[in-house]
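**Student:** Each chain, written out:
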Amino acid sequence: MAHVVGIDLGTTNSLIAYMDGETPRAIADDKGRTALPSVVAFLEEASAESVLVGEEAKQYLTTRPKSTIYSVKRFMGKGREDLKDDLKMLPFSLVGQEKEAIRIGIGKKTYTPTEISAHILRGLKARAEKALNTPITKAVITVPAYFNDSQRQATKDAGKQAGLEVLRILNEPTAASLAYGLQKEKEGTIAVYDLGGGTFDISILKIKNGIFQVLSTHGDTLLGGDDFDRQLLKRIRDEVLEQYDVDLLKNGALLQEVRLMSEQVKWQLSSQTSADVSLILPDNKGRYERQFTRSEYEGMIKGLIDRTLESCHKALSDAKLSPEDVDEVVLVGGSTRVPLIKERVGDLFKKVPHSELNPDEVVALGAAVQAKILSGGITDMLLLDVTPLSLGIETMGGIVSRLIQRNTPIPTTAKEAYTTHVDGQRTVSIHVVQGEREMVGDCRSLAKFNLTGIDPLPAGMPRIEVVFLIDANGILNVTAKDLRSGKETTVEVTPTYGLSDEEAEKMISASMEHAKEDLEKRQRIESINEAETVLRHTEKALAQGSDLLDGDEREKIEAIMTQLKAAMSEGTHRQIRETLTELNQVTQRFAADLMSQTVKEALKNKKLSDV
Amino acid sequence: MNILSEDTGSERGHFFEMAGESRPCWSCQSDQVTFFNCSSCTAIQQFLHDTDYFTSFNMGYKLNIDLDLLEKQYYELSRRFHPDYFQQKPKEEQEISLGNTAFLNKGYQTLKNPQKRAAYLVSLVEGDDHLPTEAPAELFEDIFEIQETLEEIRALDQSDEAEFKKLKTVLDVSLEKMREFELDEKEKLHSLFVKWDCIEADRKGGSFTDEQKGYLPQMKQILSHTAYLDRIINDMKAAV
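First to last, the sequence lines map onto chains A and B. Using my numbering, you'd call the opening residue of the first sequence number 17 and step up by one each time. Using my numbering, you'd call the opening residue of the second sequence number 10 and step up by one each time.
It should be emphasised that the hints constitute simulated quantities derived from the structure, not laboratory data. Treat each hint with caution, since some may be false.
Label pairs and their in silico Cβ distance ranges [unchecked claim]: (1) A:Lys224 x B:Gly136: 45 to 53 Å; (2) A:Lys503 x B:Thr142: 42 to 50 Å; (3) A:Lys176 x B:Glu189: 54 to 62 Å; (4) B:Gly136 x A:Glu548: 45 to 53 Å; (5) B:Thr142 x A:His437: 20 to 28 Å.
Positions of the beta carbon are idealized from the N, C-alpha and C atoms, including for glycine.
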């Protein structure tokens, strides 16, 4: 039988696993190593495209820093402007125009992160084909639970490019819970704290009778072990610059060496209380030597750990649980070996976290289990996952109308009816966004499309129904339908890069920080929309019922209308509201008269019995 | 008792025998269609467009529901319809599985929450799913004050911590009041649930009674209040 494999496409290391009967197993290389370093080296001088992957590529990190790519997962589904300064501490070059996907420049060629990832996947595929002696064509690939739609799509595309049919994009912490559940055969509420090389996820799950139900998930797709290393790297860079006048950032090979050294220090400090660093500087500038203690290091990474704990609190709050409700905490990802993490996570959940499963392999093993479920080999286990980020659509004034809330079980659909704002409007554009903020500009743009050919009708008359469908991969499909004509537009949501992805990473935490200004913005726009409607009606009424008004009254109304227009362009939402109320008051009598006149006219030619 | 298992499904099955409309199997045209699949060719069937959440979860049109039972049904139904179990099946069945599961997921989210459950019932009976969001009249004065305080906090200089603390204290007091009011509203809603369920237990099919329909306006009003209170409570929490 053909094997369907599970793949953990990681920031630092990638793994491939399969089901050996009832047991998931990670596939090792000739030397018995299961982890394949997620490193791809391009050897320019070699014939055609000589590309090395994994351990073979890793050796070129310091000798060919410009053409040896690592941590490419951080760039998946991202635009150039998404990158922070931190990420610019890279020995290889990132190219690409604004609002376009990031590309990595190697010699004269450029590659997308998807293409680089496809090389890693090909390496894993070849390893499995050799070990199992059978072609591998189908796979489950894992992604961080907090990956957005673009990042999921980019990962799926990488699978396709590597010649794999991607049966499922699976969330990493959920995968880990499957492997955990299978081994431990336990039921209850578990929290999976997954800190990898570049990403962080926390998922809260309920396990009962073979059902693995995700209650909530939260995370940060730009926070991982890499960032711990970067803290140390920055410290060393500053010290070397100050003491020896050598800038590591100007020397790719040296930068790479120090980055690897920082990683070593992290590992050493996980078991020792101090670690020594020694670096020979070029041009006979001497030797930088330094001892780092564990407590000094912990001081550097404390802020990063705090951010993960904030995510944990948010996930608990979304699941409507308190730390005591969690029965077990499972640590996943190599970075959870750092003692301070175990300690802090233990403090938060008030219990000692489990770390007896191999934190490097558990995600791939879980992916293999899911692969077997999907191929019909397991029928008593079932994953019920959620979508990590809210989905919505842009409405008047750039406000997000949310259709699907974060942590909604998937697959799911949402329907919403929309209408036109201008008489005779024939096209409605639909802008789909993902994120927790109130304003479109602060969310991640997923797709823009037009529904054309709407029958020309007065504003507000057409009914356009938009249906969002999030499939079991967490990937979105959108359909829009004009309910009068039955005309339909389907949209495959393809990654639109750029815009505000940096926001997308921090969307929930930012939505907390910005809630105040968002609220004012939202309220202001809502008042403006309302004021516009009232103004339009008033103008119409003034024209229709001019005989019902005396000069004074008309003047008064017009004065307040002018005031309202001024408030709309410059005032706060409060001022707009107050002026609106005033306008409503002065027009009250007139509106009532106008109404009764209209009613009278309508009834003029009818007998009372007809009414 | 597992009321969704096939052996007991037939006796309790009236919910699953497609109230109203019936339809042959899309695949083999047989009319031996159950809620879950076609008895003749085993292909799964799309839920009928008039299937509602109460019916599909076999909960009856009751407003106080056993949440453990609901969860159990949700798991059972997920096992029947989840796309993970249809990867090897024809594309048509995959699509039906996707649509049915999305329906069940939404249904579970709706029935789990008492306010959403009641709003859904109201929309079923009245055929209109728009519920207004309205501030309770008794609270107008408080709400005016809250808006004012929120406004002041917004206008506040970031560094003025003393003033912020003062305003926060004011807001905390109002927050407590809003929460209490919301709790009261929820209790009122609950007592309406009890009344509704009492009549529902005696109703023998057919349409809802006038007495039941008589409770809907009150429910709607409470729901519009709780929706408003949820929102203002969120705004207040965000501000402090």
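**Student:** All hints are to be evaluated individually against the structure, with a verdict given for each.
**Tutor:** Hints versus structure:
| no. | hint | verdict |
| --- | --- | --- |
| 1 | A:Lys224 x B:Gly136: 45 to 53 Å | 37 Å, violated |
| 2 | A:Lys503 x B:Thr142: 42 to 50 Å | 32 Å, violated |
| 3 | A:Lys176 x B:Glu189: 54 to 62 Å | 56 Å, holds |
| 4 | B:Gly136 x A:Glu548: 45 to 53 Å | 31 Å, violated |
| 5 | B:Thr142 x A:His437: 20 to 28 Å | 22 Å, holds |
Hint compliance for this structure: hints 1, 2 and 4 are not met, and every other hint is.
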